[in-house]
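Chain by chain, the residues:
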Amino acid sequence: MIIEARALFYEYPQTGFCLRDVSFTIAAGEAVALAGRNGSGKSTCAKLLCGLLKQKSGAVLFDGEDAAQWPLGRRGRKIGYLFQEPSRQLFAPTALEDLTFAPILNGMPPQEAGRRAEALLARFELSHIAQQGTYTLSRGEQQRLALCGLLMQEPAALALDEPTTGLDARRRDILLETIRECRRGGTSILLITHDSAFARQCAERELRLENGVLHAE
Amino acid sequence: MRNKQTDPRVVFLFVLLLSSGAALTRQALPMIPLLCSAALAAVLAKAPFGQLLRRLRGLWATILAVAALQALLSGDLARGLLAGACVLERLLILLLAGALLAGYPGHVLVQAMLQLRAPYQLAYMVSLGLRFFPQFSESFRDSLAALQLRGVEPRRLKPRARLKLYTYLLLPTIVSGVNGARKLAMAMELRGFGAYPRRSAYAPLHMRRGDWLAFAGVLLWAAGMAVLVIFVGINYPIG
Ligand SMILES: Nc1ncnc2c1ncn2[C@@H]1O[C@H](COP(=O)(O)OP(=O)(O)OP(=O)(O)O)[C@@H](O)[C@H]1O
Ligand SMILES: [Mg+2]
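These protein sequence lines are chains A and B, in that order. Position one of the first sequence corresponds to residue 1 (the working numbering), numbered consecutively onward. Position one of the second sequence corresponds to residue 1 (the working numbering), numbered consecutively onward.
Careful, some of the hints might be misleading.
[As the list claims (entries may be wrong)] Far from chain B, by Cβ distances over 10 Å, these chain A residues were calculated:
#1 ALA7
#2 ALA27
#3 GLY29
#4 ASN38
#5 GLY51
#6 TYR81
#7 ALA122
#8 ARG123
#9 SER138
#10 GLU204
[Unchecked claim] What follows is a set of in silico ranges between Cβ atoms, one per label pair, in the way DEER data are often shown:
#11 A:GLU210 / B:PRO48: 31 to 39 Å
#12 B:LEU44 / A:GLY166: 46 to 54 Å
#13 B:LEU94 / A:PRO13: 40 to 48 Å
#14 B:LEU94 / A:ARG180: 40 to 48 Å
#15 A:ARG139 / B:GLY210: 49 to 57 Å
#16 A:GLY64 / B:ARG141: 44 to 52 Å
#17 A:LYS56 / B:PRO48: 34 to 42 Å
[As the list claims (entries may be wrong)] Among the chain B residues that face chain A by a calculated CB cut under 8 Å, a handful are:
#18 LEU72
#19 ASP76
#20 LEU149
#21 LEU157
#22 PRO159
#23 LEU163
Note that these hints are calculated values from the structure, not bench results. Where a beta carbon is used, it is the ideal one built from N, C-alpha and C, also for glycine.
Throw the hints in and build the complete structure from the sequences for me.
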């Protein structure tokens with residue numbers, strides 16, 4: 001899927017921080033890294049793409065279609081957002097249930113949901129925590145579980161907000177492999193990271209935010 | 001120190017009287033003078049009432065629903081409507097009182113509590129609470145959005161599934177809130193919080209002429225309300 005941000009403008013009323021005139025395009029199957037200092041507006045940018053924040057002007061287009069009027073549910077099928085603070089997107093009492101409840105509510109047969117959830121847990125080496133409470137998981141486990149929750153929906157794009165934080169070398173490689181595989185399937189990816197080595201391994205292009213303004217490299 | 005706002009201690013007194021008045025009054029009509037005084041005070045103090053209303057936007061549907069429910073449940077419709085109005089008025093008064101206090105920075109309120117001889121720990125907890133509230137609501141908003149992004153739209157679900165969902169939704173908010181508070185408490189203790197019984201203050205509060213005037217105004221107002229109750233015969237059923 002092609003993601004296009006057109007002249008996005010956003011201002012936080014409480015702090016006055018501004019994201020100004022942010023425009024970029026991510027092609028289908030392309031991965032773009034978004035870098036920048038702490039507080040430069042990277043997460044804000046991702047939240048605008050995913051509809052968590054609503055831009056004051058500008059537009060977000062998925063495959064050329066303006067998403068401004070879409071309900072969040074429809075956006076979620078297009079783009080999965082991995083929060084910088086993944087504990088905020090884990091809900092259910094156990095890890096396995098967290099993966100299955102949303103698809104089941106959306107009409108997926110429970111058995112199929114269970115099968116897919118188990119396959120994802122196995123791939124991220126999380127099978128042993130399937131029955132564990134989500135809030136007792138370690139930071140790195142929470143992050144991978146949240147990513148599994150996104151992948152359950154098979155979104156056409158992913159926005160990953162610092163997905164390598166807290167991952168050890170092996171989990172980092174699994175993440176890298178997952179990203180590559182998603183890309184082969186045509187998934188577009190926005191990768192926010194301070195880890196420039198990881199960015200180079202995943203993405204061929206890097207955008208840089210400085211104080212709310214985008215600089216391409 | 002330049003300070004044009006009324007001393008918060010006077011405001012505390014007013015808010016205390018106002019909210020106990022609102023809590024004790026059980027009828028819509030007698031509540032009106034209280035509501036008017038609260039509104040007048042909020043205007044005079046330029047309290048950020050509109051801002052508070054906007055922040056609580058999400059609550060309005062619930063509040064109106066509660067008022068409507070009260071109206072319906074009490075059989076007799078006219079009396080029911082009055083009862084509903086009473087609930088609304090009381091909430092408005094509490095909101096106005098909150099707005100009066102919200103106009104002060106947290107540290108000034110803490111200082112005021114301290115000079116009223118409140119224990120430091122208590123005063124500090126209140127100020128922390130003030131700071132946690134926006135964080136709490138932001139975390140809740142994010143979680144709700146995350147849920148909707150997963151394609152789950154609470155409004156379109158059957159009641160039972162919806163209830164379960166709401167309990168799901170509270171989980172991340174409460175967990176992050178409690179964890180945040182616990183970490184903060186530990187960090188504060190590590191830095192020696194509460195190691196000494198007394199604290200020095202950077203900016204102690206002093207009552208000025210305007211403050212004494214406001215104080216007198218509050219006393220007069222309270223006396224006026226009392227007169228209204230006792231002699232003019234507005235029937236405040238108490239208890
Ligand atoms: N909810 C909010 N309300 C007000 N201001 C905010 C809010 N969230 C972020 N900001 C401000 O917006 C700016 C950009 O924040 P953002 O989270 O987008 O930065 P970031 O680039 O993701 O930083 P980091 O690398 O630390 O994750 C910061 O200066 C921050 O203070
Ligand atoms: Mg960020």
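Each hint, compared with the structure:
{"no.": "1", "hint": "ALA7", "result": "23 Å, holds"}
{"no.": "2", "hint": "ALA27", "result": "23 Å, holds"}
{"no.": "3", "hint": "GLY29", "result": "22 Å, holds"}
{"no.": "4", "hint": "ASN38", "result": "18 Å, holds"}
{"no.": "5", "hint": "GLY51", "result": "7 Å, violated"}
{"no.": "6", "hint": "TYR81", "result": "6 Å, violated"}
{"no.": "7", "hint": "ALA122", "result": "21 Å, holds"}
{"no.": "8", "hint": "ARG123", "result": "19 Å, holds"}
{"no.": "9", "hint": "SER138", "result": "13 Å, holds"}
{"no.": "10", "hint": "GLU204", "result": "27 Å, holds"}
{"no.": "11", "hint": "A:GLU210 / B:PRO48: 31 to 39 Å", "result": "33 Å, holds"}
{"no.": "12", "hint": "B:LEU44 / A:GLY166: 46 to 54 Å", "result": "52 Å, holds"}
{"no.": "13", "hint": "B:LEU94 / A:PRO13: 40 to 48 Å", "result": "25 Å, violated"}
{"no.": "14", "hint": "B:LEU94 / A:ARG180: 40 to 48 Å", "result": "56 Å, violated"}
{"no.": "15", "hint": "A:ARG139 / B:GLY210: 49 to 57 Å", "result": "52 Å, holds"}
{"no.": "16", "hint": "A:GLY64 / B:ARG141: 44 to 52 Å", "result": "30 Å, violated"}
{"no.": "17", "hint": "A:LYS56 / B:PRO48: 34 to 42 Å", "result": "22 Å, violated"}
{"no.": "18", "hint": "LEU72", "result": "32 Å, violated"}
{"no.": "19", "hint": "ASP76", "result": "42 Å, violated"}
{"no.": "20", "hint": "LEU149", "result": "3 Å, holds"}
{"no.": "21", "hint": "LEU157", "result": "7 Å, holds"}
{"no.": "22", "hint": "PRO159", "result": "14 Å, violated"}
{"no.": "23", "hint": "LEU163", "result": "13 Å, violated"}
Checked against the numbered hints given earlier, this structure breaks hints 5, 6, 13, 14, 16, 17, 18, 19, 22 and 23; the rest are met.
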